[in-house]
Amino acid sequence: MPASYMPTSDDLLRFAPELILTIMATVLMVLDPFFAKRMPKLFGHLSIVSLVVAAFAAVSAGAVPGPAYSDLLVVDDFATFFRVLVIGIGILAVLSSYEYLDREKAETGEYHALLLFSIVGQCVMVSGNDLMMVFIGLEISSIASYVLAGYLRDDTRNNESALKYFLLGSFATGFLLYGIALIYGVTATTKLDGIAAALSRPGAPGTFAMVTVAAALMFVGLAFKVSGAPFQIWAPDVYQGAPAPVSAFMATAPKAAAFAIFLRIFLTAFPQISNAWQPLIWISALLSMTIGNFAALTQTNLKRMLAYSSIAHAGYLLVALAAKSEIGTAAAMFYLAAYALMNVGAFAVVIHIGGKSERHVQIDDLAGLARRQPGTAAMLSIFLLSLIGVPLTGGFFGKFYIFRAAIESNLIWLSVLGLLNSAVAAYYYLRLMVVMYFQEPGETTKNLEPLTPGLRAAMVLSAAGTFLLGILPGTVLSLAQRSTTFVK
Amino acid sequence: MNLLDFLIALPAIGFILALLVPRKQEKTAPFVALVVSLFTFVLSLGIAAGYKTGEKGLQFVSNGVWIQNPEIHWHVGIDGISIWLILLSTFLTPIAILLSWSAVKDRAREFYAFLLLLEFGLIGVFAAWDLFLFYVFWEVVLVPMYFLIGIWGHERRIYAAVKFFLYTMAGSVLMLAAIIFLYNRAGTFDYAVILDSLSSGKIVFSHLEETLLFLAFFFAFAIKVPLFPLHTWLPDAHVEAPTAGSVMLASVMLKMGTYGLMRFCVPLFPTASRENAPWIVTLAIIGIIYGALVTMVQPNMKKLVAYSSVSHLGFVVLGIFSFTQMGFDGAVYQMLNHGISTGALFLLVGFMYERRHSLAISDYGGVATVAPWLSSMFLVTTLASIGLPTLNNFIGEFLILQGAAQAKFTWTVFAALGVILSACYMLWMYQRVFFGETNEELKHHMPDLNPREWACVIPLVLMMVWMGVYTQTFLPNISESTAKILDQSRANVPLRVALPAAGTDGGRHAR
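Residue numbers (my numbering), protein chains in the order written: chain A, 1 to 488; chain B, 1 to 511.
Do not take every clue at face value.
Derived pair list, reagent style BS3-like, types lysine-lysine, alpha-carbon separation capped at 30 Å [claimed, not checked]:
1. A:K356 - A:K105
2. A:K446 - B:K24
3. A:K37 - A:K105
4. A:K356 - A:K164
5. A:K446 - B:K105
6. B:K27 - A:K446
7. A:K105 - A:K41
8. A:K446 - A:K41
9. B:K484 - B:K56
Take a look, some chain B residues computed to stay more than 12 Å from chain A by CB distance [to be verified]:
10. V32
11. V42
12. G50
13. T168
14. V380
Pair ranges (Cβ atoms, derived) [what the hints assert, rightly or not]:
15. A:S325 - B:K27: 53 to 61 Å
16. B:P229 - A:T298: 44 to 52 Å
17. B:K27 - A:I233: 40 to 48 Å
18. B:L38 - A:E443: 28 to 36 Å
19. A:E443 - B:K24: 23 to 31 Å
20. B:R274 - A:I233: 46 to 54 Å
21. A:I471 - B:P229: 35 to 43 Å
22. A:P453 - B:K27: 26 to 34 Å
23. A:I471 - B:G201: 34 to 42 Å
Treat the hints as calculated values from the structure; they're not laboratory data.
From a predicted model like this one, the values you see are computed outputs, not experimental measurements.
In this text, a Cβ means the ideal position worked out from N, Cα and C, and glycines have one as well.
Can you make the complete structure from the sequences, with help from the hints?
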């Protein structure tokens, strides 16, 4: 791109969601000194407005698909799907943050600015057509998340969480960058389609090994970001330590974006060497599901249990990637949408019962919730049933599509093991329902505050979405299926 | 929308209506549920009246696309087997609601809502004609039963509820894998289409594939039946469940397993079904005898009835895997019989528990002198359960034993032991509970049946007699459909043996 490059109007339109969110994030930081004390809720309201506008911008950008900024970015259905998804998760995260920030007396301006920046990064990631762009997006997203993880700076667990996330995250980014460098060395390009073209040419001997090593390094970096085993060690500590709304966000939006680039890079740039990377994904998928589910069985802390469950769900998603087919990609996209809804919903309930300084995030704190607040308990049950994968919820169809894709790609054993895993998972999700419904109210639920509008909205939206995906999955799936052919 | 769609939708609407009852007027929830379930029952009677014997194929078919891709159909219909099982579900749901009237006070609207959701799932399971739809209903049934046991059950309810859920879930995920595999071969979930392409040789499984697919389906169903040695969840679930839960569980939910074996395992995988029949029958016979022996030593009435179910359901499995017309007919008939008579036993035991707050046999004795009507109703049910001629179970057991004898006489010899043993444990229990000295406690706490309880018992007892003396109402429809299944289980056998292609793509599994 020459220095005198002037973006065309198409470029601007296709980049509009990122522009809107960046401008709003900057405005929020400017407004912070003036309104932080007087109107702490203002920042949340403004964020939601900008996110809604950005979602519309993303949809209208999706109507004119094509590359932007000299092919660095590409807006296709795939990018649009994920942009709308991460922006949607952003809205749910903001909704579930009101009560939390108010309770902890935390600064709201910077919080929302960081959240918006993180979403900008994810939007760039999912529409990146060039490994450098992907990397920049990943960094924008990650750095904002590192800060968010330690947002309550006087809280020691927040600090631990942020430090761990930062150190291990930078390490993983290093791997990714190293992989990119090797690829550049072999193919002299960082553009995804360019790499695929270079790899499909009959290459010099030795190229294959180099590319495989590069792909493996990138796999390590990305597996870290999606918390796939054996690079999942950080997730439980980070999700447990971070503020609950941030955990809800981190377990869904960055993960969705990371999966998007996982799919895009491996299926666009590396289809030639898929026989080399498929076993890696296979093993990682099985390990993630098994480690996640079995470790979650014995957890007593809600956030930590949800962290392990998110590792298991990363495993299911890796199964879809291992299928390396179009229906596998569509299945992963559908699953990410369903997973985002049920996971944010479940975290919203955790935020609600957590109370000041998150003192009540043990599983036993849910005791008798169904008696005190039947609505909240019913909604958590919906999310849990969806996480288990019971029909008529989004989680069921997500699993169904994934394992269908896997069986179609002849990954029979992986599917059988995965499905058995989901039966194991039923145990620890059911345990929460046992505590909520079958036990008498405990101290926490007796002194529970009524549900605030923000959290209620987040829960209701997530539950409605979970049912929509469970009863009429066709709507989202057809969208996902249209998006699986990448613009190359 | 035809009548059958409406029949499935009605309990679902009732579920929502019951949940919408305001907390303050919770007392109206049972009324809402009862009215809805009675409407459902009347509607199902209408469907039964409209069912034409002698007409080939499904009736009351409704087929529309539910989900575009992969194409999943709302394909429902009934044949001579499902019509009776649907009637059984709609018949027992109002009874289950009525019998809970005074027993369930806590969180009543959820209780009745879950009963209706259960009915919705059950009708759906028996009507579904699309494998995917079947799986959806199959799983939907789990949720209300889990809550019914877990919230309104007895002391160890949590353990029982979780065990029940996990056992069934573990079986059904394998079935899901098999369903997806079938879909990838056949390109459809539509059961009728899959059967057609099987019989016309469009899809051919290798021997290994067929065996594995059969086992995946079989285990899901065998856990539900439950077949020995997968039965251990059943006594726990039954004993801990509230009476209405036990009744629905024993009477209808166990039939989901035997229905699945008959509807799906046998026609889809005829060769594997026949090949595996010897060990399955062996397990069924072990279940009959072992179940009966364990029943005999139970000190707890509810557990006694629960274990007797293991024994009775063994007969049904024996009937199915005898691959004879009589065995099939008897199996279906026995599913209905067991639903009526074991349902009645659980119901009566529940009434006694409400009075005495104990299930231990030793806490009773001489009930016949203080509650003669209750005792006589219990006696009729006991006699039905042990297979006295002119009462329903006799017909079913006789047909099954006859069918088994046609297949292999030794099976009959061993299975018949179960009939003798059932007389031992039931009569012995009856003697200890109802005869002998009446203890002081009972004299004050054992009033006879009240009108509401009569209303629950009478229909069941009438059905026992009806099904015992006038089989013409039921058997023609059943035979017609079982004959078809028997035909399917034969028709495919020579075809598959003749096709040499069967072995060529067997290696695909290994990956």
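These are the hints, each one checked on the structure:
1. The suggested pairing of A:K356 with A:K105 holds, with an alpha-carbon distance near 10 Å, which does not exceed 30 Å.
2. For the given pair, A:K446 sits about 20 Å from B:K24 by alpha-carbon distance, which is consistent with the 30 Å threshold.
3. Between A:K37 and A:K105, the direct Cα distance comes to roughly 10 Å. Compliance with the 30 Å bound is thereby established for this hinted pair.
4. Among the hinted pairs, A:K356 with A:K164 is consistent with the structure: their alpha-carbon atoms are about 24 Å apart, no more than 30 Å.
5. Between A:K446 and B:K105 the alpha-carbon distance is near 22 Å, which keeps this suggested pair within the 30 Å criterion.
6. At most 30 Å may separate the alpha-carbon atoms for a hinted pair to count; B:K27 and A:K446 meet this at roughly 25 Å.
7. A hinted pair counts as satisfied when its Cα atoms are at most 30 Å apart, and A:K105 with A:K41 qualifies at roughly 12 Å.
8. Proposed proximity of A:K446 and A:K41 is supported: the alpha carbons are some 28 Å apart, at most 30 Å.
9. Between the alpha carbons of B:K484 and B:K56 the distance comes to roughly 9 Å, so the proposed pair stays at or under 30 Å and holds.
10. Consistency note on B:V32: stated as away from chain A, and its beta-carbon is indeed over 12 Å from all of that chain's, at 18 Å minimum.
11. Remark: the non-interface label on B:V42 is consistent with the geometry, its nearest Cβ contact in chain A lying 27 Å away (cut-off 12 Å).
12. Listed as a non-interface residue, B:G50 keeps its Cβ farther than 12 Å from every Cβ of chain A; the least gap is roughly 29 Å.
13. With a least beta-carbon separation of about 9 Å from chain A, B:T168 fails to lie farther than 12 Å from that chain, contradicting its non-interface assignment.
14. For B:V380, the non-interface assignment is confirmed: its Cβ lies about 36 Å from the closest Cβ of chain A, beyond the 12 Å cut-off.
15. Checked against the hint of 53 to 61 Å, the pair A:S325 and B:K27 passes, with Cβ atoms roughly 56 Å apart.
16. Distance hint check: the CB atoms of B:P229 and A:T298 are about 28 Å apart, inconsistent with the given range 44 to 52 Å.
17. Checked against the hint of 40 to 48 Å, the C-beta distance between B:K27 and A:I233 comes to roughly 55 Å, which is inconsistent with it.
18. For the pair B:L38 and A:E443, the supplied restraint of 28 to 36 Å is violated, since their beta-carbon distance comes to about 44 Å.
19. At roughly 27 Å, the beta carbons of A:E443 and B:K24 sit within the given window of 23 to 31 Å.
20. Between B:R274 and A:I233 the beta carbon distance is about 52 Å. The supplied range of 46 to 54 Å therefore holds.
21. Taken as a hint, the range 35 to 43 Å holds for the pair A:I471 and B:P229, whose Cβ atoms sit roughly 38 Å apart.
22. Taking 26 to 34 Å as the suggested C-beta distance range, the pair A:P453 and B:K27 conforms, at roughly 32 Å.
23. Our hint of 34 to 42 Å for A:I471 and B:G201 holds, since their Cβ atoms are close to 37 Å apart.
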